[in-house]
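What follows is the residue order along each chain.
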Amino acid sequence: MIKFESQMVAKPYFIFALTLFAGQILFGLIMGLQYIIGDFLFPYIPFNVARMIHTNLLLVWIIFGFMGSAYYLVPEEANVELHSPLLAKIMFWVFAAAGVLTILGYLFVPYSELAELTRNELFPTMGREFLEQPTLTKIGIVVVCVAFCYNIGMTILKGRKTVINMVLLTGLVGLAVFFLFAFYNPENLVLDKYFWWWVVHLWVEGVWELILGAILAFTLIKVTGVDREVIEKWLYVIIGLALISGLVGMGHHYFWIGPGEYWLWMGSIFSALEPLPFFMMVVFAFKVVRERKFEHANKIAVTWALGTAVMGFLGAGVWGFLHTLAPVNYFTHGTQITAAHGHLSFFGAYAMIVMTITSYAMPIMRGRPLGNPMSAQKVERFSFWAMCIGMLGITIMLTIAGAWQIALQRMPDDANALSFMVTQEKLIPIYWARLAFGVLFSVGLIAYLVSFFVGSKEAIIAQNNGVTQKAPQEIAGVCCGACDESKAS
Amino acid sequence: MSDTFTKEMARNIYYGGGFAAFLLLLGLTFDTMRVLPERDHRENITPSVAHGKGLWEKNNCVGCHTIMGEGAYFAPELANVYDRYGNGSEEAFKSYLQGWMAAQPLQIQGRRKMPQFNLTSEEVDNLADFLIWTSRINDNDWPPNKQG
Numbered sequence: 001m002i003k004f005e006s007q008m009v010a011k012p013y014f015i016f017a018l019t020l021f022a023g024q025i026l027f028g029l030i031m032g033l034q035y036i037i038g039d040f041l042f043p044y045i046p047f048n049v050a051r052m053i054h055t056n057l058l059l060v061w062i063i064f065g066f067m068g069s070a071y072y073l074v075p076e077e078a079n080v081e082l083h084s085p086l087l088a089k090i091m092f093w094v095f096a097a098a099g100v101l102t103i104l105g106y107l108f109v110p111y112s113e114l115a116e117l118t119r120n121e122l123f124p125t126m127g128r129e130f131l132e133q134p135t136l137t138k139i140g141i142v143v144v145c146v147a148f149c150y151n152i153g154m155t156i157l158k159g160r161k162t163v164i165n166m167v168l169l170t171g172l173v174g175l176a177v178f179f180l181f182a183f184y185n186p187e188n189l190v191l192d193k194y195f196w197w198w199v200v201h202l203w204v205e206g207v208w209e210l211i212l213g214a215i216l217a218f219t220l221i222k223v224t225g226v227d228r229e230v231i232e233k234w235l236y237v238i239i240g241l242a243l244i245s246g247l248v249g250m251g252h253h254y255f256w257i258g259p260g261e262y263w264l265w266m267g268s269i270f271s272a273l274e275p276l277p278f279f280m281m282v283v284f285a286f287k288v289v290r291e292r293k294f295e296h297a298n299k300i301a302v303t304w305a306l307g308t309a310v311m312g313f314l315g316a317g318v319w320g321f322l323h324t325l326a327p328v329n330y331f332t333h334g335t336q337i338t339a340a341h342g343h344l345s346f347f348g349a350y351a352m353i354v355m356t357i358t359s360y361a362m363p364i365m366r367g368r369p370l371g372n373p374m375s376a377q378k379v380e381r382f383s384f385w386a387m388c389i390g391m392l393g394i395t396i397m398l399t400i401a402g403a404w405q406i407a408l409q410r411m412p413d414d415a416n417a418l419s420f421m422v423t424q425e426k427l428i429p430i431y432w433a434r435l436a437f438g439v440l441f442s443v444g445l446i447a448y449l450v451s452f453f454v455g456s457k458e459a460i461i462a463q464n465n466g467v468t469q470k471a472p473q474e475i476a477g478v479c480c481g482a483c484d485e486s487k488a489s
Numbered sequence: 001m002s003d004t005f006t007k008e009m010a011r012n013i014y015y016g017g018g019f020a021a022f023l024l025l026l027g028l029t030f031d032t033m034r035v036l037p038e039r040d041h042r043e044n045i046t047p048s049v050a051h052g053k054g055l056w057e058k059n060n061c062v063g064c065h066t067i068m069g070e071g072a073y074f075a076p077e078l079a080n081v082y083d084r085y086g087n088g089s090e091e092a093f094k095s096y097l098q099g100w101m102a103a104q105p106l107q108i109q110g111r112r113k114m115p116q117f118n119l120t121s122e123e124v125d126n127l128a129d130f131l132i133w134t135s136r137i138n139d140n141d142w143p144p145n146k147q148g
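Chains as they are written, first to last, in this note's numbering: chain A, 1 to 489; chain B, 1 to 148.
Be aware that a few hints might be false.
[As the list claims (entries may be wrong)] Only part of the chain A face toward chain B is listed, based on derived beta-carbon distances under 10 Å:
#, residue
1, P46
2, A115
3, E116
4, E121
5, G159
6, V163
7, T170
8, V173
9, F183
10, L235
11, L247
12, S456
[Unchecked claim] In silico DSS-like links for lysine-lysine, alpha-carbon gap of 30 Å or less:
#, chain 1, residue 1, chain 2, residue 2
13, B, K7, A, K426
14, B, K7, A, K293
15, A, K11, A, K158
16, A, K161, B, K7
17, B, K146, A, K158
18, A, K3, B, K7
19, B, K146, A, K287
No lab work stands behind these hints: they were computed from the structure.
These numbers were taken from a predicted model, which means no experiment stands behind them.
Glycine included, every Cβ here is placed at the ideal spot set by N, Cα and C.
Please model the entire structure based on the sequences and the hints provided.
Listed below in C-alpha cells is the structure:
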C-alpha cells in the first residue's frame, strides 16, 4: 500500500495533468485541420490561439505531472512524510486556477486585449513563443514553483538524501531558476532570443532530463526490484552526459539568430553528442528490466518505462541529431522538420515519463498496490501502442513534409524557389496523413483515460490478492515495491 | 556497468562534468555578449524599432510566423520579408506593408487567414521598422534564399 499518507497529494496533480493533456490534443487536432483547411474555425479560433493553447497546455500539464511525481516519490525516497501537504494542496489550486484562467483568456479575449488587460506594457514579457502567458501568470508560476521547491526541499532535508531525490531536486530547482529568464525581454531581438533559450533549451535539453532520469530510475526500482546501487550509477552517468552534451549543445539554437560563427562548431559538436545519454537510457531500462528481481503485476507500468526510453531516444536523440549539424540545419531550420522533432521528443521523453509514473502510482493511490486489473491493463496497453504509433506517424509525416518543403522552398535559388504559401499547398496530402495519425493518437488517449474506469470490483480485488505474482519470498505480499528499501543509503 | 566503475566515479561525471559544461557555457556567453554589438547593429534600434517589437509581441505574430526561423510554421518567415518585398527601398516596403495589413483577412476561401489587427498607420510603420532592422542582423547568411 501507499507508504506515506502525504503521498496522496500527488493524485489531483496527475488527474489534472491528464485533463489538460486531453485539452492539448483537442487543439492539436484543430490545428492539424487548419493546416489543410486554412480558414477552419476562423475567426473564432485563429491558428495562433490554437497553437498557444496547444503548447501552453503541454508545458503546464507536464509540469503538473512533474509536481505530482515529486509529491509521490520524494516522501517515499526520503522516508518521511511530505513537509507540508497543505501547501501542496493550496499550490495545486493556485496553479490550476492560474492555468485555467490564462487558457480561457487566450480563447475568449483577443491576444492584444489580453496584453492590455493584464498591463503587459508595465513589464512586457508576452508574445514570445511558449512564453505567451501574461506577466501576472508568469509571476504566479514563480510563486508556485518556489513554494513547491521549498516543500520538496524541506522534505528531502528532513529525510534520506537518496541519489534519486537529489537529482530530482536539482532538476526542479533548475526548472524554477531558468524560468526567471522569461522575465528578461530586451528591445534587442537578438538578446531576447539568446536568453529566451535559457528558459526553453535549458529546460527541455537540460534540467528536465534530470527530472526525467530521476522519475524513470524511481519507477524502475519499484517495478523491477533491481539494486538501487546499480540504478543510481546509471542515473549519474546518463544525466552527467545529458548536461555535458546539452548545456553547450544550446549552440545549435545560436546558428542563425545573431551570435558569432564559432557557435556553428560548438553547437554542432556538442549537440551531436546529445543522443548519447538517451541511447544509454534505452540500454539502462532494458538491462534493468531484464535483470528484474520479480515480476511486478503492474505490467503496463513496465511497458511505459521501456517505451519512454525508446521513444525519448527516437524523438530527442535520432530526430534531434537529424537536423542538429549546422550545414543541415541551414536548410531545415524552422521547417516542418523542426515540428517533427518537437512532437516526438516532447511526447517520447516528457509526456511518456509522466504517463509512466501515473501508470505506476495511480493504482497504488487508488488502493490497488498490484496495479489495475488485467482488463484495464489491456485497454491501457492498446492506448500505449495507439499513442506511440500515432505519434511516430505524425513525426514521419511531418518529416516528409519538411523534406519536401526544403526541396521546394529552401534548396532552389531565388529565381526558382517556391514561396512559403505555395509550398504549403503542395504539402496538403501529407498533412491529411498527419491528421489521420493524429486521430489515431487521440483514440489512444481516449482509451488511456477510459482504462482508469475499466474492471469490476471483483477483478480489482482478484488482481490485488497477489496470486498472479510469482514473487520471491522476500517481497511476497508486498506489492508496489515500496518496501524494498534495504539497500538505500 | 562493471564493478571497477564505481558510483563515486559516476557521481563525479555528473557533478564535475555538469559544472564544467556550465562554466564553458557561461564563458562562451560572456564572449558572445562582447562581440554581439557588431553583429546585431543595436545602435540602430530606434524608438520606432523598439515599439515595433512590442507590437510584434502584443499581437502574437510568432504564433503563426517564424522570425529568424523561430516561431510557428504556419505562415511565412518574416526576418527577411524586407529583402523579399522591399526591393531595397524602405519606403516601398512600408507602403507595401500598409496595404497588406489593411487588406487582412484576405477573402479567399480555404486559404490560411491572417486576422485584422486594426493597427494605426504609424504602428504599421513601427512594425516595418522592426522588420527592416531585423533583416540586417548578421545571422550567418540565413535563410538560404529570399523565400525564407
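Quick rundown of the hints versus the structure:
no.	hint	verdict
1	P46	5 Å, holds
2	A115	5 Å, holds
3	E116	8 Å, holds
4	E121	8 Å, holds
5	G159	20 Å, violated
6	V163	8 Å, holds
7	T170	9 Å, holds
8	V173	13 Å, violated
9	F183	14 Å, violated
10	L235	8 Å, holds
11	L247	4 Å, holds
12	S456	45 Å, violated
13	B:K7 with A:K426	54 Å, violated
14	B:K7 with A:K293	21 Å, holds
15	A:K11 with A:K158	23 Å, holds
16	A:K161 with B:K7	15 Å, holds
17	B:K146 with A:K158	60 Å, violated
18	A:K3 with B:K7	27 Å, holds
19	B:K146 with A:K287	50 Å, violated
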